[in-house]
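**Student:** If you want the building blocks of each chain, they are given just below.
There are 2 protein chains.
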Amino acid sequence: MEYNFASRVERMESSIIREILKVTEQPGIISFAGGLPAPEMFPLQEIKQTFNKVLGEGDESALQYSATEGFYPLREYIAAALAEIGINTSPDQVLITNGSQQAIDLVAKLFLDPGDVVLVESPSYLGALQVFNSYQASLVAVPTDPEGIELDSLERAITQYKPKLIYITPTFKNPTGETMGLERRKDLAAILARHHIPLVEDDPYRELRYSGTPVPPIKAFDKDGKVIYLGTFSKTVAPGLRLGFATTSAGLMPKMVLAKQGADLHTGTLVQRVLYNYLTSSNVKGHIKAICKEYAIRRDTMISAMKRQFPEGVKWTEPQGGMFLWVTLPPQLDTTSLLNEAIKLGIAYVPGPAFFPTGGGRNCLRLNFSNSSPDQIETGISRLARLFHNNLQTVEKGTNGF
Amino acid sequence: MEYNFASRVERMESSIIREILKVTEQPGIISFAGGLPAPEMFPLQEIKQTFNKVLGEGDESALQYSATEGFYPLREYIAAALAEIGINTSPDQVLITNGSQQAIDLVAKLFLDPGDVVLVESPSYLGALQVFNSYQASLVAVPTDPEGIELDSLERAITQYKPKLIYITPTFKNPTGETMGLERRKDLAAILARHHIPLVEDDPYRELRYSGTPVPPIKAFDKDGKVIYLGTFSKTVAPGLRLGFATTSAGLMPKMVLAKQGADLHTGTLVQRVLYNYLTSSNVKGHIKAICKEYAIRRDTMISAMKRQFPEGVKWTEPQGGMFLWVTLPPQLDTTSLLNEAIKLGIAYVPGPAFFPTGGGRNCLRLNFSNSSPDQIETGISRLARLFHNNLQTVEKGTNGF
Numbered sequence: 001m002e003y004n005f006a007s008r009v010e011r012m013e014s015s016i017i018r019e020i021l022k023v024t025e026q027p028g029i030i031s032f033a034g035g036l037p038a039p040e041m042f043p044l045q046e047i048k049q050t051f052n053k054v055l056g057e058g059d060e061s062a063l064q065y066s067a068t069e070g071f072y073p074l075r076e077y078i079a080a081a082l083a084e085i086g087i088n089t090s091p092d093q094v095l096i097t098n099g100s101q102q103a104i105d106l107v108a109k110l111f112l113d114p115g116d117v118v119l120v121e122s123p124s125y126l127g128a129l130q131v132f133n134s135y136q137a138s139l140v141a142v143p144t145d146p147e148g149i150e151l152d153s154l155e156r157a158i159t160q161y162k163p164k165l166i167y168i169t170p171t172f173k174n175p176t177g178e179t180m181g182l183e184r185r186k187d188l189a190a191i192l193a194r195h196h197i198p199l200v201e202d203d204p205y206r207e208l209r210y211s212g213t214p215v216p217p218i219k220a221f222d223k224d225g226k227v228i229y230l231g232t233f234s235k236t237v238a239p240g241l242r243l244g245f246a247t248t249s250a251g252l253m254p255k256m257v258l259a260k261q262g263a264d265l266h267t268g269t270l271v272q273r274v275l276y277n278y279l280t281s282s283n284v285k286g287h288i289k290a291i292c293k294e295y296a297i298r299r300d301t302m303i304s305a306m307k308r309q310f311p312e313g314v315k316w317t318e319p320q321g322g323m324f325l326w327v328t329l330p331p332q333l334d335t336t337s338l339l340n341e342a343i344k345l346g347i348a349y350v351p352g353p354a355f356f357p358t359g360g361g362r363n364c365l366r367l368n369f370s371n372s373s374p375d376q377i378e379t380g381i382s383r384l385a386r387l388f389h390n391n392l393q394t395v396e397k398g399t400n401g402f
Numbered sequence: 001m002e003y004n005f006a007s008r009v010e011r012m013e014s015s016i017i018r019e020i021l022k023v024t025e026q027p028g029i030i031s032f033a034g035g036l037p038a039p040e041m042f043p044l045q046e047i048k049q050t051f052n053k054v055l056g057e058g059d060e061s062a063l064q065y066s067a068t069e070g071f072y073p074l075r076e077y078i079a080a081a082l083a084e085i086g087i088n089t090s091p092d093q094v095l096i097t098n099g100s101q102q103a104i105d106l107v108a109k110l111f112l113d114p115g116d117v118v119l120v121e122s123p124s125y126l127g128a129l130q131v132f133n134s135y136q137a138s139l140v141a142v143p144t145d146p147e148g149i150e151l152d153s154l155e156r157a158i159t160q161y162k163p164k165l166i167y168i169t170p171t172f173k174n175p176t177g178e179t180m181g182l183e184r185r186k187d188l189a190a191i192l193a194r195h196h197i198p199l200v201e202d203d204p205y206r207e208l209r210y211s212g213t214p215v216p217p218i219k220a221f222d223k224d225g226k227v228i229y230l231g232t233f234s235k236t237v238a239p240g241l242r243l244g245f246a247t248t249s250a251g252l253m254p255k256m257v258l259a260k261q262g263a264d265l266h267t268g269t270l271v272q273r274v275l276y277n278y279l280t281s282s283n284v285k286g287h288i289k290a291i292c293k294e295y296a297i298r299r300d301t302m303i304s305a306m307k308r309q310f311p312e313g314v315k316w317t318e319p320q321g322g323m324f325l326w327v328t329l330p331p332q333l334d335t336t337s338l339l340n341e342a343i344k345l346g347i348a349y350v351p352g353p354a355f356f357p358t359g360g361g362r363n364c365l366r367l368n369f370s371n372s373s374p375d376q377i378e379t380g381i382s383r384l385a386r387l388f389h390n391n392l393q394t395v396e397k398g399t400n401g402f
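Chains S and Z are the protein sequences, given in the same order. If you're matching positions, the first sequence starts at 1 in the UniProt record's numbering and goes up one per residue. If you're matching positions, the second sequence starts at 1 in the UniProt record's numbering and goes up one per residue.
Do not rely on the hints blindly, as some may be mistaken.
Not the full set, but computed from the structure, chain Z residues with beta-carbon under 10 Å of chain S [said to hold, decoys possible]:
| id | residue |
| --- | --- |
| 1 | P43 |
| 2 | L44 |
| 3 | G251 |
Simulated pairs of lysine-lysine, DSS-like, Cα-Cα distance not exceeding 30 Å [unchecked claim]:
| id | chain 1 | residue 1 | chain 2 | residue 2 |
| --- | --- | --- | --- | --- |
| 4 | Z | K53 | S | K22 |
| 5 | S | K53 | Z | K48 |
| 6 | S | K48 | Z | K307 |
| 7 | Z | K255 | S | K255 |
| 8 | S | K22 | Z | K255 |
| 9 | S | K48 | Z | K53 |
| 10 | Z | K53 | S | K53 |
| 11 | Z | K22 | S | K53 |
| 12 | S | K289 | Z | K53 |
| 13 | S | K186 | S | K285 |
| 14 | S | K53 | Z | K289 |
| 15 | Z | K22 | S | K255 |
| 16 | Z | K307 | Z | K293 |
| 17 | Z | K285 | S | K48 |
| 18 | S | K285 | Z | K53 |
| 19 | S | K285 | Z | K293 |
| 20 | S | K53 | Z | K285 |
| 21 | Z | K186 | Z | K162 |
To be clear, the hints were calculated from the coordinates, so they are not data collected in a lab. As the structure is a prediction and not an experimental result, all values here were calculated from the model. All C-beta atoms, glycine included, are put in the ideal place defined by N, C-alpha and C.
Make the full structure from the sequences, and use the hints.
**Tutor:** Written out as structure tokens, the structure reads:
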């Protein structure tokens, strides 16, 4: 039958990344396109032991329906971990979600009527843009510099557009890997204090730092509950568990719980208990340290290979953490139209425009370094270098009338 | 801060059941209020073994991000199981969701603009009403009789209200336990064939049949993809895994996937693999038979105790399966105002009005029999009988001028 969909469906588009990922499953392709952690770093044995412990206790409630808010001891653990990075919250203000993607969806559901403005960074996390589009929001892109969202532009946009929500990923941002510095975080909190708008601080990469000095989350400077802080265990434990969280003001929490109740009643009981047991019985800090050590090697391998092989005029970010870096080509190149040739050369990336809510990034691309081995990274960067050299020569030849 | 919510938030209310469940956690209370399966019937050991098998294979992809659609072998298993009950579908048309609650939410997201009409049974599953309200739908209650939704009324309502969606639970319906017969199912499919409206057939209790003859799902008579069929493993395996599914037409499936992608990227990788392994390596049919045997005892214990103890004028359904039955008191009694006294007597139920989208059920209540032992059921029904006797006497005395 032909369906008569809700009007929001017009705004729901498949992620280009999901489409690219299908192509990259072909053998022989090295993919820097996905945003996957390295599976060889998953704590498989520890998680197996924990499942045995949780189910071995013969406590059937691990398989029963459970509270919409989440498993209370896990919420306590998260509140305590947040205190260590300067966030003063309570377990009662922590909601367990199916990955932090669900938290973005629940916040959008609570705040966005069709046409409401959301201020986002440009570029921004694609999955969040998809959510805001599905609620028919009007996305306003605020310019960014290497430190993240520009504060003068942000405050002008707040005054001009009266947004319902601000969404940013200030730490090792997807897609550029860049991080907002301490002073700008404080200044941003001061702006929030002057305006009546909630800000979503999406912080999935915080613990993946390989160099530089840690900076507290913006939420640490939030005096009056403006910041909705999102975190996840997808990058530090395993994404296949689908476990993330939101911490909000005491006033907002009951509405988040209502939204979650309608969405899926609650997050899986068993995986929450397993995660809690894993977190409290394993050397989690040591595990994260091992991940960081390996990812630092991969980042360094990628940057060093780019330095050796990329043609002049190609620029890139050198992130202190996270899983991505961002490459900017000379303006005559278009990364979307280059992608087919790239795949023929056996290398995949995500073209920049995917991350720009209102246009831009035509000559940019995102590279993931967490999900390829150093050897694959060397080979992949060679292939990319060949692609760029080929096309820069073509352009130059073209310019010269050949 | 004070929040400026989306207009849909006005329609989002906490489930009265969740509120009652909090009260029933007090010691000494026997609760017929929840909708929980019996945890002592969960296949705890088998699931533990399966986790070991899945994680023991050293395949880290069980902990990695995975396809939005779900784990393909599990989708194949479901498609084959659906074929056995007369549903002709393909694995490509099966979407794995976080329980069937999420499937209801995704369908609502795809079809409902504010003010759109959804036709629902009266009474209906409360969790679905919550979802439709959260999308600001206009709920139109179609009358039901012991066989389910009345078809003449349904077709009149289709013509009059031009609904975007019809939602029903035709088998061992929550809250009444009643089931639509074969002929009415065929007639309903014929009505659908004449109109251009998708129908959600929510079928969580199908496999919990204790007496009578199985009837095929309405989807089995659906020739042109009008029926969106929802199922779950919450009642036959374990709800704490949060695993359900939807099967739709090939045309609708890509939109369902898009909605799911925005909502939470995908359902947990590990629990899907574990469920698949459990389903294909255990005696699942034997397990469901054992559940049915136990629940039949509980249903029979409840009905027999009601026959012996309830005052004249109290009526109830005698369902052939599922987890609930429905009690109708003499019209002078109000089950909502009786609930406090019930809890003082150590017994909880859900008052009827919770299930009526547009009013009704004032003298009705829902009882769950799956989550209490036969002994608890005997005691609980005695307490309810005392409650009814006390209040019928009061009413009679009142009527007689005492």
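**Student:** Run every hint past the structure and note whether it holds.
**Tutor:** For each hint, the structure was consulted:
1. P43: Since chain S brings a Cβ to about 9 Å from P43(Z), closer than 10 Å, the hint holds.
2. L44: 6 Å, holds
3. G251: 7 Å, holds
4. K53(Z) / K22(S): Distance ~28 Å between K53(Z) and K22(S) Cα, so the pair holds.
5. K53(S) / K48(Z): The hint holds at about 10 Å.
6. K48(S) / K307(Z): Cα-Cα ~50 Å, so violated.
7. K255(Z) / K255(S): 27 Å, holds
8. K22(S) / K255(Z): 18 Å, holds
9. K48(S) / K53(Z): The given pair, whose Cα atoms are some 10 Å apart, holds under the 30 Å limit.
10. K53(Z) / K53(S): 15 Å, holds
11. K22(Z) / K53(S): Between K22(Z) and K53(S) the Cα gap is close to 28 Å, so the pair holds against 30 Å.
12. K289(S) / K53(Z): Distance ~29 Å between K289(S) and K53(Z) Cα, so the pair holds.
13. K186(S) / K285(S): Within the cut-off at roughly 27 Å; holds.
14. K53(S) / K289(Z): Since the Cα atoms of K53(S) and K289(Z) sit roughly 29 Å apart, the hinted pair holds (cutoff 30 Å).
15. K22(Z) / K255(S): 18 Å, holds
16. K307(Z) / K293(Z): 21 Å, holds
17. K285(Z) / K48(S): Holds, at roughly 27 Å.
18. K285(S) / K53(Z): With a Cα-Cα distance of about 28 Å, the restraint between K285(S) and K53(Z) holds, given a limit of 30 Å.
19. K285(S) / K293(Z): 49 Å, violated
20. K53(S) / K285(Z): 28 Å, holds
21. K186(Z) / K162(Z): Measuring from Cα to Cα gives roughly 22 Å; hence the hint holds.
Going down the numbered hints, you'll see the structure goes against 6 and 19, while the others check out.
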